[in-house]
Structure formats: structure tokens, C-alpha cells
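Sequence order for the protein chains is F and W. Residue numbering for the first sequence is 877 to 978, as defined by this note's numbering. Residue numbering for the second sequence is 88 to 662, as defined by this note's numbering.
Fair warning: there could be bad hints in the mix.
One-sided and incomplete, this derived list gives chain W residues near chain F with beta-carbon spacing under 7 Å [what the hints assert, rightly or not]: (1) Val-102; (2) Leu-179; (3) Met-186; (4) Phe-187; (5) Phe-306; (6) Gly-322; (7) Ile-324; (8) Arg-361; (9) Glu-645; (10) Ile-657.
Hints are computed from structural coordinates only; laboratory data are not their basis. Each residue gets a CB set at the ideal place from its N, CA and C atoms; glycine is no exception.
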Amino acid sequence: MSKKMSTQEILEDKDFQLLSSQKLSISTILTILELVLYFGFIALIAFNKPFLSQKLSGAITVGIPIAVGTIVLSWIFTGIYIRWANNTYDVLVKKVKEKIGG
Amino acid sequence: MPQATQTIIGQFNPVAVMFFLLFVLSTLAITYWAAKRTRTTKDFYAAGRSVTGFQNGLALAGDYMSAASFLGIAGLVSTKGYDGLIYSVGWLVGWPIIMFLISEPLRNLGKYTFADVVAYRLRQRPIRAAAAAGSLVTVLTYLIAQMVGAGTLIKLMFGLPFELAVVLVGTLMISYVIFGGMIATTWVQIIKATLLLGGATLLVVMTMAQFGFSYGNLFAQAEKLYTNKFLEPGGLITSPLDAFSLGLALMFGTAGLPHILMRFYTVPDARQARKSVFVATGFIGYFYILTVTIGFGAAVLVGRDVIMSIDKGGNMAGPMLAEVLGGNLFLGFLAAVAFATILAVVSGLTLAGASAFSHDLFVGVIRRGVAAEKEEVKVAKIATVGLGITAMLLGILFKGQNVAFLVGLTFAIAASANFPALLMSITWKKFTTNGAVYSIYTGLFMATILIVLSPTVWVDIVHKSEKAVVEKEVKTLEEASKAKITALETEKATSKNLPAIDTSIAAEKQQAEVRIKEAKAKMPKAIFPLKNPGIFSMAAAFLVGILFSLFGREKEAEAKYEDEKLRSYIGIGAE
Numbered sequence: 877m878s879k880k881m882s883t884q885e886i887l888e889d890k891d892f893q894l895l896s897s898q899k900l901s902i903s904t905i906l907t908i909l910e911l912v913l914y915f916g917f918i919a920l921i922a923f924n925k926p927f928l929s930q931k932l933s934g935a936i937t938v939g940i941p942i943a944v945g946t947i948v949l950s951w952i953f954t955g956i957y958i959r960w961a962n963n964t965y966d967v968l969v970k971k972v973k974e975k976i977g978g
Numbered sequence: 088m089p090q091a092t093q094t095i096i097g098q099f100n101p102v103a104v105m106f107f108l109l110f111v112l113s114t115l116a117i118t119y120w121a122a123k124r125t126r127t128t129k130d131f132y133a134a135g136r137s138v139t140g141f142q143n144g145l146a147l148a149g150d151y152m153s154a155a156s157f158l159g160i161a162g163l164v165s166t167k168g169y170d171g172l173i174y175s176v177g178w179l180v181g182w183p184i185i186m187f188l189i190s191e192p193l194r195n196l197g198k199y200t201f202a203d204v205v206a207y208r209l210r211q212r213p214i215r216a217a218a219a220a221g222s223l224v225t226v227l228t229y230l231i232a233q234m235v236g237a238g239t240l241i242k243l244m245f246g247l248p249f250e251l252a253v254v255l256v257g258t259l260m261i262s263y264v265i266f267g268g269m270i271a272t273t274w275v276q277i278i279k280a281t282l283l284l285g286g287a288t289l290l291v292v293m294t295m296a297q298f299g300f301s302y303g304n305l306f307a308q309a310e311k312l313y314t315n316k317f318l319e320p321g322g323l324i325t326s327p328l329d330a331f332s333l334g335l336a337l338m339f340g341t342a343g344l345p346h347i348l349m350r351f352y353t354v355p356d357a358r359q360a361r362k363s364v365f366v367a368t369g370f371i372g373y374f375y376i377l378t379v380t381i382g383f384g385a386a387v388l389v390g391r392d393v394i395m396s397i398d399k400g401g402n403m404a405g406p407m408l409a410e411v412l413g414g415n416l417f418l419g420f421l422a423a424v425a426f427a428t429i430l431a432v433v434s435g436l437t438l439a440g441a442s443a444f445s446h447d448l449f450v451g452v453i454r455r456g457v458a459a460e461k462e463e464v465k466v467a468k469i470a471t472v473g474l475g476i477t478a479m480l481l482g483i484l485f486k487g488q489n490v491a492f493l494v495g496l497t498f499a500i501a502a503s504a505n506f507p508a509l510l511m512s513i514t515w516k517k518f519t520t521n522g523a524v525y526s527i528y529t530g531l532f533m534a535t536i537l538i539v540l541s542p543t544v545w546v547d548i549v550h551k552s553e554k555a556v557v558e559k560e561v562k563t564l565e566e567a568s569k570a571k572i573t574a575l576e577t578e579k580a581t582s583k584n585l586p587a588i589d590t591s592i593a594a595e596k597q598q599a600e601v602r603i604k605e606a607k608a609k610m611p612k613a614i615f616p617l618k619n620p621g622i623f624s625m626a627a628a629f630l631v632g633i634l635f636s637l638f639g640r641e642k643e644a645e646a647k648y649e650d651e652k653l654r655s656y657i658g659i660g661a662e
């Protein structure tokens, strides 16, 4: 590959640093949110069964929308990541690539 | 309310056979078409990297939604209610982790297997050997569980002998993989995922039509039949530590399954890789919500006792519901879909195992990274046949055994041997060859040994007969005490000396409690108390990886980290 910049230069490039630090923080934050979501659900089951057993409406207990919500929220998190990656990350990657000329 | 009293499940079902033949013929036609397009290693392992993000998302869903989750979770919900729902949540939460931490670097850094990534800047041979061991054990344990499940389910649904079912599944799976490689496997997954999602959707629509399309009505009926306990968390989670441990294994095990990781090399770039996770997570989540609905629907419309009379684990809840609502035609269709599901999952597993053998062990270790493409593909095909036959033999050997622990083991090993090394190699500059190798072997051995010493194997399998003796004794004691109390109570109705009888009832209750407690104390105890070792084996793998890396620096690996970082983030030089 023909590069206009050395690896060191690219790593020190502002756009690359922005892109890598943003990606790291977004990935970390979303991973932590997912862990909190799932293990929070498990903790509720382990430590507070009565809360989940409360009736919400009719026969439906609080636990049912919480479980389904965990599934749906997990998917929404992946959607948030995709949105960020498509709108911000890919743009920065393109910018850096143009600088390198690769 | 329709109650199924008679079922044709387990009998020869011409409709099911017809649908199944249709599936086999069309997938074999695709395999023939794929075979003509499979020449290079890139075609064989990665479908020429020509799969789109959406297609790969469907294929990932196809790889992941096994017959065990389709039939098993519906069965668990239909017999245990809310607990089945808890279980299904655990199967989904690993996917976001794959997206946030793994998918893009994996795609940018690797070529065909996840070992490519771990070995990117480390010494090739020891890493390849260790990663191949991790992959092969994961694949093989999962494959055996699937094979035994396949034989049992097909026997239950079609009345076909266990051995014949295993051989049939094995032969078809080998054919897809050796002739059509990843191209055929991908299309088998896509077709299967579409059929499964379509069939489950149809079943849910027909179910909900019975309840005026209102979940409120469905749950109200379920509550009426099985009390409010059915809609509350029950006995699935007793010890919090056990629950966390299983949760960790499920979550990070998903991100360490070789056949899932391998699929990311079939798309052209990191953008498509992440898109495929989004699509897969959506479909899998949707599928679990359908499955849970099917479970509750079956509990109401078929009835828990009827379901359990066919299969104690409730595995036939879905098919029985289909029979009640759509007759023989729908049952036949769904049975064929379940069969297709099994086939697709084992094909993906076999291809991943064969790749670990040929790409990592043969080329990476034996040939030190140099081999002609033709030879590599040939070795992969031989490995496919070898692995397929091994899986069939072990499947038959494990016939009638309790293999539930194998699935737990698969996820524990994937989370402990594969995931930590993969994550550290992507993110940590100071990670070394020794760190990776010892981390993988620690995860592998700890997970395996602790599972053997855990209640699932040590009590349920190794000390099965002792456990049965104690259970029988407890049951006898309970029944004897119950009979005694009933007798005393009958006496109470006619007797005048009420206080004396009340005292005897209380005394009897107390004595029985002591006796039962004594009997229960004789229950064989597991050496390792948790059902799933995830929390310990994963922590140990990380710890060993970190310690070995800190105590022996590897300058060469550190120097290459910058190139790795560049490629990982922006995909320069990605294949």
C-alpha cells in the first residue's frame, strides 16, 4: 500500500486520535450499559422477586415487560452504535484515509 | 378451548417428510451451484467475502437459533412459565458485546479464523495451536450436544431411529460443507433462518388470534390455569452467584463461539460486519419473543400436562401447538423446519471446526504458515469428513445421556478460552505470546475441570445412582408422613379429643422434617458448588493472561501494536 504518512504520523494525526478515542469511549460506555442492563435484571430476580411479581395490568406482572424490555433495549443499543458509526466514525475514517492516500 | 388429547407426533408424517425433502433438495441444489464457485481458500472459508451485511445478519441468526432454543425455550416456558423467559434473555445479551468490542477489529485484522487476530502480532505457532485447541473443543462439545439433540428430536417427531437420524444429519452436513464450503453453508443458514422466523411468526399469529390478539388475554388465561406463580420468577435462579456465573458465560461465550466469529469474514468490510450484528440481534431478539409467546400459548391451548406426557422437558410444546392450530399440515411444516434448523447449525459448526484444523493447525503449526491454497482446501475437506464422522460416533455414543451440561460447557469454554485472549490481543499493547497461550489453556482446562466437579456433572451424572437413591428415600418419607397426617386429620373429624390429635399432627410434622433433612444430608455433594464455572474460569483466564504478559515483555509484539491499531481502527491493509 502506498502511504503518504508513516504509521507513527497517522497515529499522531488529530483525526485518527479523535476517531480512536471516540470509538473506545462509545464501545466502553455501551458495553457497560449492556452489562448493567442484563446483570441488573439478574440481580432483580436474585434479590427482589416480589418486585417482579407485582401485577402491572390484569395478569401481566412487572417482570414480563422488564424481560422483554431487556431484549429490546439490547437491540436498541446496537442501533445506537450503528448510527454513531455510520454518521461519525465512517466519516472520520474516510478523512484519515484521504490524508494517507490509501 | 381446544385441548389436544391425541397427537400424531412421533408417527410417520408424510407432510413433514415432503417438506423436509423439499428443503434437502433445494439446499443440495444450492450446494451444487456453490461447489462451482468454491475454488480458493477465500471461497471455501469466507464465501469470497461477497455476503452482504443483511444476508450475513440472517445467516448469523441462522447459526445461533438452534433447535434447542426453538423447541427448548418454548418447552421451558410452557412448563415453567416466567423462568423460561429469563432463560431466553440470557441468550441474546452477548450480541451487543460482539458488536461493541469484537466485530470491527475482528473483521479488519483477521482472514478466516479468530486465531488470525490473536496471532496478528504474536508468535504464530504456539498461538495457533492454543487457539485451535480452544476452537476445536468448543465446536466438538457443541456439536455432540446438537447431534444428541437431533437424534432425540427427530426420533420424537418422525419416529425415525436415533442412529439413523444422527447419520442422516451427519451425512447431509458433511455434504454441504465439503462441496459448497462457506457459500453453501451461508445459504443453508439464510434459508433456515427465513423458514424458522416465518414459521414461528405464523404460529404466533395463529396463537394470538385465539386470544383476540391481546397479550393481556393470553396471560389472564395462563394465570387462570396455572395460578399467578406461572407469571413470576420461580426456582430457576436460587443462588445469585450461580446466576451471575451462568450469565457471564452466556454473554461472553456468545462472543467466543468460533462458528459465529468466522462469519464476520464473509462480508467485504467492517461496516458490513457491524451491520450484520445489528440485523442478527434484531432477528434473534424477535425470535425469542416469538418463542416465549409460543410457550405461553402452548401452556394454555395444549396444556402443560399434555405437553409433558409426550416429552418431560416440554420440547414438543411448539410442534403440538402447531398441530392444535394448523393440523397435520402445519405440524409437518414445523417439524421439517426444526430438522432444517438442526442441519444448518451443525453445518456451521463443522465448517468452523474444519477451519481451525486446516487453517490454524495444519497451515499455521505444521506447515509454519506456508501451504498451497489447493492443499489447504483439501485438508479442510478431509478435516470436515473426520469431524463429521467423529460427531456422528460421539452422538451415538452419548445416546440417552444427559447432555445439557455440554451446552453450558461450550459457552464456559468459549467465554474463558477464546474470548479473553481475543479481547486482550485487540486492546492491550503489552499482551504477549505467553500471556495468550497460558490464558487460553487456563480457560480451557479450568472450565472443563470445574464443570466435571460441578453439580451438573458430579451429582447429576457421576453420582446419578446415589442421587436417585436419596431422592427416592426423601419421596418415600414425604409420602409416609403425608399419609399419616391425612389419617390423623380424618380421625380429627370424628374424634372428640381434638387437642391431643393436633399435638400428634404437629409432632408428626416436626419428626418428618427431621427425617427428611437427615435423608437429604446423604445427597452426594459437588466438589465445585456452582452449576456454571464462567465467573471463575473467565477471571482466571484474564488474570493468567495479564500476569504472564506483565512478567515477560515481548518487544516485538509491542512494536507491531501500532500497525495493528491502525488496521483495527481504519481497516488499512484489511483482507
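Cross-check of the supplied hints:
1. Val-102: violated (33 Å)
2. Leu-179: For Leu-179(W), the interface hint holds, since the closest Cβ of chain F sits about 5 Å away, which is under 7 Å.
3. Met-186: Holds - the Cβ of Met-186(W) comes within 7 Å of chain F, reaching about 5 Å at its closest.
4. Phe-187: holds (4 Å)
5. Phe-306: Constraint on Phe-306(W) satisfied, holds at 4 Å.
6. Gly-322: violated (11 Å)
7. Ile-324: holds (5 Å)
8. Arg-361: holds (6 Å)
9. Glu-645: Interface hint status for Glu-645(W): violated (14 Å vs cutoff 7 Å).
10. Ile-657: holds (5 Å)
Against the hints set out earlier in the document, violations occur for numbers 1, 6, 9.
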